[in-house]
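**Q** Chains as they are written, first to last, in the working numbering: chain A, 1 to 542; chain B, 543 to 889.
Hints listed in this document are in silico derivations from the structure and should not be mistaken for laboratory results. We put the CB at the ideal spot given by N, CA and C, even for glycine. Keep in mind that a hint or two might mislead.
Stated by the list, open to error - Derived lysine to aspartate or glutamate pairs resembling EDC-like cross-links, with alpha carbons at most 16 Å apart:
#, chain 1, residue 1, chain 2, residue 2
1, B, Lys-617, A, Asp-403
2, B, Lys-880, A, Glu-38
3, B, Lys-812, B, Glu-647
Said to hold, decoys possible - So these bits of chain B aren't anywhere near chain A, every CB distance computed over 10 Å:
#, residue
4, Ile-575
5, Ala-593
6, Asp-606
7, Glu-615
8, Tyr-618
9, Ile-683
10, Glu-689
11, Pro-724
12, Lys-795
13, Glu-818
14, Glu-831
15, Phe-861
16, Ala-876
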Amino acid sequence: MYKCSANQIGIWILSLILISPIIVPIAQIFIPEGQIFEHLWQTVLPTYTLNTLIMIIGVCLLSAFFAIPSAWFMARCDIPGKKHLQWLLLLPLAMPSYVVAYIYTDLFDYAGPIQTALRNIFGWSSPNDYWFFDIRSLYGGILILSLALYPYLYLLARASFLEQSQNMVDVSRIHGCTPWSSFRRISLPLARPAIVVGLSLIAMETVADFATMNYFAINTLTTAVYDVWLGYGSLNAAAKIAAMVLLIIFVLLGIERISRRRQQQIQRSMGLDNLQKHKLKGWEKIGALSLCWFLVIFGFGLPFFILLEYAWNYWGNSWNQQFLLSTWHSLMIASIAALLTLLVAVIFGFVNRVYPGRLSRIPARISTMGYAMPGTILAVGVLIPLTVIDHCFNNVSEYFWNDHVGLILSGTIFAVIFAYVVRFSSISIGTIESSLSKLPENYDGASRTLGCPPLKMFITVHLPLIRKGCLVATLLVFIEAMKELPAVLLLRPFNFETLATTVFQYVSDEMLQYAALPAIILVLAGLIPLLIINRSLERSHS
Amino acid sequence: MGTQKRNIFITSIICLGMAFTSMAQAAQEVVNIYSYRQPYLINPILEKFTAETDIKTNVTYAKDGLLERLQREGKYSPADIVLTTDISRVMTFKDKKLVQEVDSETLIANIPSQYRDPDNEWFALTIRVRNIFTSKDRITIDSITYEDLADPKLKGKICTRSGKHPYNIALVASMIAPHGIPYTKKWLMGIKENLARKPQGNDRAQLQAIQAGLCDYSLGNSYYYGNMLKDPKQKGTAESVTIQFPNQSGGDKNSGRGAHVNISGVLMAKHAPNPENAEKLMVFLSQPEAQKMYAEVNMEYPVNPAVAPSKMVGSWGDFKADKLPLTEVAKYRAEAIKLIDEVKFDL
């Protein structure tokens, strides 16, 4: 076959480092944990598993229904207000899903303002008098998570639709395809890799989510992981369930890859040709506009407005001098994490491109597992390798200098940043991979024929061509890292507050009102990178 | 591999930076705290402590996982003090040998023996009652017991948070102790039958549900009610319910055994680098001044008998607390959570 290069060994080591926090908990599966797992299996676990599957499938389907049409309208159609809609549709990404979940439960709950108003108007007095959508249910959870997560898919699908060559669409139209069937038969299959990357991010985010599920009283496998760990006090049984979760994700992704194995994509693209926009008329236009505005209003507008109202009502409780420092901390760790994650993704991308084959592909695949791991479990996992290394450092320094250096990895923000890189490399690896896959192979052939060494070729040829993908990857990770909670909460050093931890100390007690102001800053800080992403996508296609 | 070198370079810079900041802090007297309690609750008290002793307090707050962090950090852990709630979690720290004995006469004098460890490894700081709340308009009763909640007459009238919340697990454990497992299982199934909706939300949300008319009875900790009364926007909700102290009187010993109580507590980490400062803080927290703040800031019952509850909490009247040793509650915890899953309480 082919021989293994130093670079390949390098990425295997890198991926082992990245999954070290996951391997250790999973390895505990083989340590017997008593009867807990069996007991759970006989009682609640089947329901939890079913709920998890329903959530994954439901959120993926609904997000696809939200994101793919809106992406296509924005990329290939003429629609009034498009100039603003295309970035407005990204805004829900800046909203942490635990905040959206909180706001909607507050709003639609039995004791919330909407149902109370309805009862007052119609004179109903008990829940038996009328039917109302139960927000704290599987369906409510699917809706809220889809509203919070669809922008991933929208972003990737829109970029992919924009990059598709007009020639292919033209050819299909010459052969008598309607715009709809040309979308279905040409655009959609061409966008499939991007769509799959988006959906797998959404699926992983869904299974790893604990905060939202907890609010909605939905019991999933991730809830079970926490129950077993904190309730039964068994990290082993918890790891067993976490492994089940990862297995579900991998089976789903595996099925998709197998079905796509025989396809290869060849298209000249890069937005060189002038895209012809399909003009929407009549019902098409109304439908398209309603979908897009529904997403903007319910994914961002309404929750943001309610946050503003909270902030106004609880101004005195909200304001706090620590804000500037917390904001700085959030920005700092999110930026460092975003850059390091990009670096990891570029390294994987390079080796994969220059030395194609399974030996290069597998490390990148397994490195993405961290994203599906429930946050706090991952954080505990991160502690394991880091404390081991720290103890080694201290033993050495005690031996030689009779003094110990303290916990320089696990006790500093290094631990937080490491956890972020482990968790979010999935986003950047996916994005970079999908950008690289669009570069024709003959670029590589040409540069190598001219005697360009691989690394130089990658830096001078590939990187400039995928710089947009790099920007998107960095900013997506940045936004996610700003919102991320469990890892920073557990792993941070003393007195280290970020915006997310400030918000959480109130949200954990269901008092978001008191933390509305930091939540608003958190959202606004996420908006800026989103607008940059949007501009960069627009510029290259205007 | 130039990129990897850069990677290493960046990380070393971060490490160096952090090492310097930790060194800069070492000059002042400090006490390091791992807290399961939200900073907004404890900060006013800690500020007072610093003002009086000139010892700086450093806090890391997390909801879960601090125990694992302390365990993994081992003898190099910077933590001196653990602040936590729920007797079972307190006991886990002791059982995993993560804490040390504190011999302080003041602590022993300030805290009744029921609320501290016989080996002096943990000390309660506040007491919280698991109350039953009833609708002021629709329910008129003089007394109630936890056992009554399973009465079929209450069908469709009860709201509660998840059965697996530590506060509910502890309550179930306190039922197993006097009644045994079969009775407790039947009792749990009875309550489940009586629920107006699937367990959800926190204790506060149940009072809102009573106000809205969804249910008439709920389980909740006393201080949630007190804090709602303090908040002008939630006062109306709290005023629509009556706070009941269960199992206060009655013929047999069970209906009069007293209301179930849980604690928040303090422990000293086994490898505390600043044990003297840590002890000073522990003592401070048990003294009248801090105890009073706990009572005023979060409406909890002070553990120090010399300190009266806040005026509002005092107005709810005296109550009898269940005399069951807290260690018994912790002992039945595993059985309790198993039962909660067996009856599929949350599903």
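**Q** Hint by hint, say whether it matches the structure.
**A** Hint check results:
For the proposed pair Lys-617 (chain B) and Asp-403 (chain A), the alpha carbon gap of about 13 Å is at most 16 Å, so the pair holds. For the suggested pair Lys-880 (chain B) and Glu-38 (chain A), the alpha carbons sit about 11 Å apart, so the restraint of at most 16 Å is met. In summary, the hint linking Lys-812 (chain B) to Glu-647 (chain B) is not supported, as the alpha carbons are separated by about 20 Å, beyond the 16 Å threshold. Distance to chain A contradicts Ile-575 (chain B) as a non-interface residue, since its nearest Cβ pair spans about 8 Å, not more than 10 Å.
Listed as outside the interface, Ala-593 (chain B) is consistent with that label: its C-beta sits roughly 17 Å from the nearest C-beta of chain A, beyond the 10 Å cut-off. A beta-carbon of chain A comes within 10 Å of the beta-carbon of Asp-606 (chain B); the shortest separation is about 5 Å. Separation of Glu-615 (chain B) from chain A is inadequate, the least Cβ-Cβ distance of about 6 Å not exceeding the 10 Å criterion. With a least CB separation of 5 Å from chain A, Tyr-618 (chain B) falls inside the 10 Å interface cut-off, contrary to its annotation.
Its beta-carbon lying about 21 Å from the closest one in chain A, Ile-683 (chain B) satisfies the requirement of being farther than 10 Å from that chain. The claim that Glu-689 (chain B) is not at the interface with chain A holds, since no C-beta of that chain comes within 10 Å of its own (minimum 24 Å). The claim that Pro-724 (chain B) is not at the interface with chain A holds, since no C-beta of that chain comes within 10 Å of its own (minimum 17 Å). Look at Lys-795 (chain B): its CB is around 30 Å from the nearest CB on chain A, clear of 10 Å, so calling it non-interface holds up.
A cut-off of 10 Å between C-beta atoms confirms that Glu-818 (chain B) is not in contact with chain A; the least separation is 19 Å. The beta carbon of Glu-831 (chain B) sits about 23 Å from the closest Cβ of chain A, which is more than 10 Å, so the claim that it is off the interface holds. No Cβ of chain A comes within 10 Å of the Cβ of Phe-861 (chain B); the nearest lies about 24 Å off, and the non-interface call holds. Residue-level check failed: Ala-876 (chain B) sits 7 Å from the nearest beta carbon of chain A, not beyond 10 Å.
Violated hints, listed in ascending order, are 3, 4, 6, 7, 8, 16; each of the other numbered hints is respected by the structure.
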